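Peer 1: Turn these sequences into a full structure, and let the hints steer you where they fit.
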Amino acid sequence: MNARLTTILLRSPVLVTMVLFMLAPMALAVVYSFMTNGAYGGVRMPFTALAYRQLLFQEDFDGNLVFSTGYLAILWRSVLLAALTVVASLAIGLPLAWYMACSSPAKRARLLLLITLPFWINTLIRTYCWVLILRDEGLLNGGLRYFGLAGGHFLYNDFAILLGMIYTYLPFMVLPIYAVLERVDGDVIEASHDLYADRWSTFRRIVWPLAMPGAIAGSLLVFAPALGSFLAPDLLGGGRRLMIGSLIQLQFTSSRNWPFGAALASVVSVAILAVLFVVVRRSFNKVPAR
Amino acid sequence: MHAHTNKSASYRGHLTVNVASPDQTRQDQTRTGSQPAAGPQARDAVLLGIDHVGKRFGFGEGQITALDDARFEISDNEFFTLLGPSGCGKTTLLRIIAGFEHPTEGRVLLDGRDIGHEPPFKRPVNTMFQSYALFPHLNVRKNIAYGLEMLRWKPADIKRRVDEVLELVQMPAFADRRTTQMSGGQQQRIALARALAPRPRVLLLDEPLSALDLKLRKAMQSELKRLQRETSLTFVMVTHDQEEALALSDRIAVMNKGKVLQVGTPEEIYARPKTCFVADFIGEANLIPAGLVGLADGHTISIRTEHISVRSRPATTRRSVEAIVTALTFLGADTLIEARCAGDVPIKARVRGAVSGLAVGDRADFAWDHSSEWLLSE
Ligand SMILES: Nc1ncnc2c1ncn2[C@@H]1O[C@H](COP(=O)(O)OP(=O)(O)O)[C@@H](O)[C@H]1O
Ligand SMILES: [Mg+2]
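Here the protein sequences come in this chain order: A and B. For reference, each letter of the first sequence is one residue, going 1 to 290 in full-length UniProt numbering. For reference, each letter of the second sequence is one residue, going 1 to 378 in full-length UniProt numbering.
Just to be clear, a hint being listed does not mean it is correct.
[Claimed, not checked] Between beta-carbon pairs, the in silico distance windows are:
1. Ala106/A / Lys154/B: 46 to 56 Å
2. Tyr99/A / Leu214/B: 36 to 46 Å
3. Ser104/A / Val351/B: 52 to 62 Å
4. Gln181/B / Val278/A: 21 to 31 Å
5. Leu113/A / Arg340/B: 54 to 64 Å
6. Phe277/A / Glu164/B: 43 to 53 Å
7. Arg272/B / Leu113/A: 17 to 27 Å
8. Lys154/B / Phe277/A: 19 to 29 Å
9. Ser232/B / Val87/A: 26 to 36 Å
[What the hints assert, rightly or not] So these bits of chain A aren't anywhere near chain B, every CB distance computed over 12 Å:
10. Val14
11. Tyr32
12. Phe34
13. Ile74
14. Pro118
15. Asn122
16. Arg183
17. Glu190
18. Tyr196
19. Arg199
20. Leu210
21. Met212
[What the hints assert, rightly or not] Below, in silico cross-link-like pairs of lysine to aspartate or glutamate (EDC-like), each with a Cα-Cα straight-line distance of 20 Å or less:
22. Lys159/B / Glu149/B
23. Lys259/B / Glu105/B
24. Lys142/B / Glu137/A
25. Lys142/B / Glu190/A
26. Lys122/B / Glu190/A
27. Lys142/B / Glu167/B
28. Lys225/B / Glu167/B
29. Lys142/B / Asp187/A
Keep in mind that the hints were calculated from the coordinates and are not lab data. Computed from a predicted structure; not experimentally measured. By construction, the Cβ of each residue, glycine as well, lies at the ideal position given by its N, Cα and C atoms.
Peer 2: Below, the structure written as structure tokens:
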């Protein structure tokens with residue numbers, strides 16, 4: 001067997017997996033987005049760009065096409081929410097990962113288990129638990145009232161959505177950062193203190209740059225699913241604030257407009273890929289390979 | 001010498017130095033002055049005082065005493081070595097001087113001021129780490145400049161100083177290299193340069209040579225000695241290798257099980273060990289119960305292996321014991337003769353050249369001059 005063939009054969013499992021589970025569904029979504037809406041859902045021929053027209057224009061009463069920002073606003077709001085989720089989970093995840101990396105091996109294992117524990121429970125159930133906590137008769141208000149404090153309406157607002165998002169995606173931020181920080185030699189931190197750097201300078205000049213590759217990976221891992229998420233916006237936002245994920249989901253269920261749903265999904269995918277492309281290019285220029 | 005004056009000036013500028021009151025200084029000196037004054041360094045000013053320092057890890061049952069009532073003084077410009085077997089507390093003491101650990105008892109005095117509970121970034125003390133601990137995301141120049149930037153030196157001064165120390169460790173061509181691409185020996189020089197750059201009052205080195213192969217180790221030994229002379233800094237080195245300690249140090253503190261057993265010049269420690277442990281640990285010494293040679297019971301005498309001669313017939317004018325040869329090992333320049341005398345006490349002699357007319361199982365007389373034996377006090 002020649003070397004070339006061996007290489008191809010060895011790579012084939014990866015290639016097959018990538019094509020089957022990543023490229024094929026995306027290609028299918030793109031194809032669907034250019035087809036005609038079926039009467040009871042699904043798609044049919046002929047090919048058309050109607051779905052993309054719907055994204056940007058609305059027909060007024062006279063049948064004229066008018067530019068409309070309705071869907072773009074939803075997309076923008078979703079990007080903003082995803083970005084906020086990234087920033088918040090970075091702010092919480094970085095110190096947490098740093099703390100974990102500095103702990104003793106036994107404590108590390110326990111913390112790691114705690115971080116990954118939520119993965120064992122269905123996201124829907126976990127998100128619904130937040131409803132139980134935040135609603136007017138929920139745990140939080142009960143607790144506040146118990147201590148004689150005034151309760152409030154915590155559910156069905158933007159804060160509740162953000163909280164749910166952070167809760168859901170925090171592990172995706174913590175784990176990659178922990179993975180890079182864990183490999184950092186503890187002596188390096190002591191060396192920094194030894195060379196007259198206080199805690200803050202050490203964090204800024206040593207810990208943060210070393211954590212950077214993990215922070216980038218974590219940000220991407222949080223941003224991508226956060227942009228498409230619909231559970232937290234629906235359950236915790238009460239569906240009042242439509243996010244792009246919910247909008248897409250609606251097109252495949254009650255609205256029965258698959259081509260439009262596929263078009264929205266394609267736009268989101270392209271947006272994420274664009275972000276990915278920029279971030280990866282920039283980080284490869286900046287962060288030296290270790 | 002010029003660099004030296006500079007150093008003090010720069011520190012006064014960046015770090016607050018509380019000058020101890022004259023009363024307090026005198027008191028410090030009387031308390032630690034009970035240690036025997038040591039050799040030629042005694043005239044130099046005391047730089048670092050280890051004053052009844054103890055360190056315990058943990059609580060209750062599981063408590064470990066890593067360091068027990070250590071006390072000695074280190075002079076300015078001295079090459080001082082902490083010597084002892086693994087686990088005796090050398091690293092702990094070094095880390096206390098650096099500020100990574102704080103003593104549970106006692107004081108660490110730098111220029112008469114107690115710095116025992118100051119954080120490491122406030123001490124004019126730098127460490128060369130055993131693992132080098134270079135910053136992986138910074139190149140050589142940035143690594144060395146790090147401490148200087150933290151001390152807010154001017155960029156032009158930083159550049160000049162970095163070039164200077166790179167010259168000093170003979171790596172001037174490496175300024176813009178990545179540290180991750182360099183060999184262990186090269187990384188070590190950069191780590192040394194980084195620690196030297198801020199002109200610390202004390203440079204700490206934890207087992208600096210143990211990771212190097214034999215040839216590199218010998219080269220680095222003379223390198224360290226040269227650097228210490230050229231920079232006229234105070235070096236405090238940790239090692240478990242007695243040969244290394246004897247070759248490099250102005251003075252040595254021999255440690256065992258968290259205790260400092262003896263402090264002195266290499267010659268003192270070699271020729272006049274105070275305890276059996278020191279005698280045994282420094283070079284090869286024979287420890288013979290004093291009763292065996294007709295001296296008072298309960299004491300031990302120590303004789304270096306090279307001071308013993310082996311005869312077949314007793315010599316009456318010298319100290320001698322009779323022993324049965326158990327092994328003969330030809331070592332090239334010397335031969336090591338191992339034997340057992342009365343009471344199963346082992347005795348070793350190192351004689352020059354090859355030995356003829358002596359075989360394992362033979363009875364022989366092991367003799368030495370009175371002047372080469374040393375009565376141990378403990
Ligand atoms: N952080 C620590 N926690 C608990 N015990 C420690 C710690 N550091 C050192 N020790 C203990 O203190 C003793 C001395 O250690 P160390 O100073 O590293 O010895 P050496 O450097 O001479 O080999 C050892 O028994 C070691 O286990
Ligand atoms: Mg050690």
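Peer 1: Run every hint past the structure and note whether it holds.
Peer 2: Structure-based check of all given hints:
1. At roughly 47 Å, the beta carbons of alanine 106/A and lysine 154/B sit within the given window of 46 to 56 Å.
2. Checked against the hint of 36 to 46 Å, the pair tyrosine 99/A and leucine 214/B passes, with Cβ atoms roughly 42 Å apart.
3. Range check, serine 104/A to valine 351/B: about 54 Å between beta-carbon atoms, so the 52 to 62 Å window is met.
4. For the hinted restraint 21 to 31 Å between glutamine 181/B and valine 278/A, the CB-CB distance of approximately 29 Å keeps it satisfied.
5. Separation of leucine 113/A from arginine 340/B is about 59 Å and conforms to the stated range, judged on CB atoms against 54 to 64 Å.
6. The hinted range of 43 to 53 Å is satisfied by phenylalanine 277/A and glutamate 164/B, whose Cβ atoms lie roughly 45 Å apart.
7. Range check, arginine 272/B to leucine 113/A: about 59 Å between beta-carbon atoms, so the 17 to 27 Å window is missed.
8. Taking the beta carbon of each, lysine 154/B and phenylalanine 277/A are about 42 Å apart, not inside 19 to 29 Å as hinted.
9. Checked against the hint of 26 to 36 Å, the pair serine 232/B and valine 87/A fails, with Cβ atoms roughly 52 Å apart.
10. For valine 14/A, the non-interface assignment is confirmed: its Cβ lies about 28 Å from the closest Cβ of chain B, beyond the 12 Å cut-off.
11. With a cut of 12 Å on Cβ distances, tyrosine 32/A stays outside the contact zone with chain B, its closest approach being about 45 Å.
12. With a least CB separation of 47 Å from chain B, phenylalanine 34/A remains clear of the 12 Å interface cut-off, as annotated.
13. The non-interface label for isoleucine 74/A is consistent with chain B: the shortest C-beta to C-beta separation is roughly 40 Å, beyond 12 Å.
14. Non-interface status of proline 118/A relative to chain B is upheld: no Cβ of that chain comes within 12 Å, the nearest being about 32 Å off.
15. No beta-carbon of chain B is positioned within 12 Å of the beta-carbon of asparagine 122/A; the least distance is around 40 Å.
16. At the 12 Å boundary, the C-beta of arginine 183/A falls inside the reach of chain B, the nearest C-beta of that chain being 10 Å off.
17. The claim that glutamate 190/A is not at the interface with chain B is violated, since a C-beta of that chain comes within 12 Å of its own (minimum 6 Å).
18. Not every CB of chain B lies more than 12 Å from the CB of tyrosine 196/A, the least distance being 4 Å, so the non-interface label is violated.
19. With a least CB separation of 9 Å from chain B, arginine 199/A falls inside the 12 Å interface cut-off, contrary to its annotation.
20. Not every C-beta of chain B lies more than 12 Å from that of leucine 210/A, the closest at about 6 Å, which undercuts listing it as non-interface.
21. Distance to chain B contradicts methionine 212/A as a non-interface residue, since its nearest Cβ pair spans about 8 Å, not more than 12 Å.
22. For the hint linking lysine 159/B to glutamate 149/B, the alpha-carbon distance of about 10 Å falls within 20 Å, and the restraint holds.
23. For the suggested pair lysine 259/B and glutamate 105/B, the alpha carbons sit about 14 Å apart, so the restraint of at most 20 Å is met.
24. Of the pairs offered as hints, the one joining lysine 142/B and glutamate 137/A is violated, with about 58 Å between alpha carbons and a cut-off of 20 Å exceeded.
25. Between lysine 142/B and glutamate 190/A, the direct Cα distance comes to roughly 17 Å. Compliance with the 20 Å bound is thereby established for this hinted pair.
26. Proximity of lysine 122/B to glutamate 190/A is assessed by CA-CA distance (about 13 Å); at most 20 Å being required, the pair is judged to hold.
27. A C-alpha spacing of about 16 Å is found between lysine 142/B and glutamate 167/B, which places the hinted pair at or below 20 Å, so the restraint holds.
28. Annotation: proposed proximity of lysine 225/B to glutamate 167/B holds, straight-line Cα distance about 16 Å (limit 20 Å).
29. Using a Cα cut-off of 20 Å, the hinted pair lysine 142/B and aspartate 187/A holds, with the two alpha carbons roughly 17 Å apart.
Checked against the numbered hints listed earlier, the structure breaks hints 7, 8, 9, 16, 17, 18, 19, 20, 21 and 24; every other hint is satisfied.
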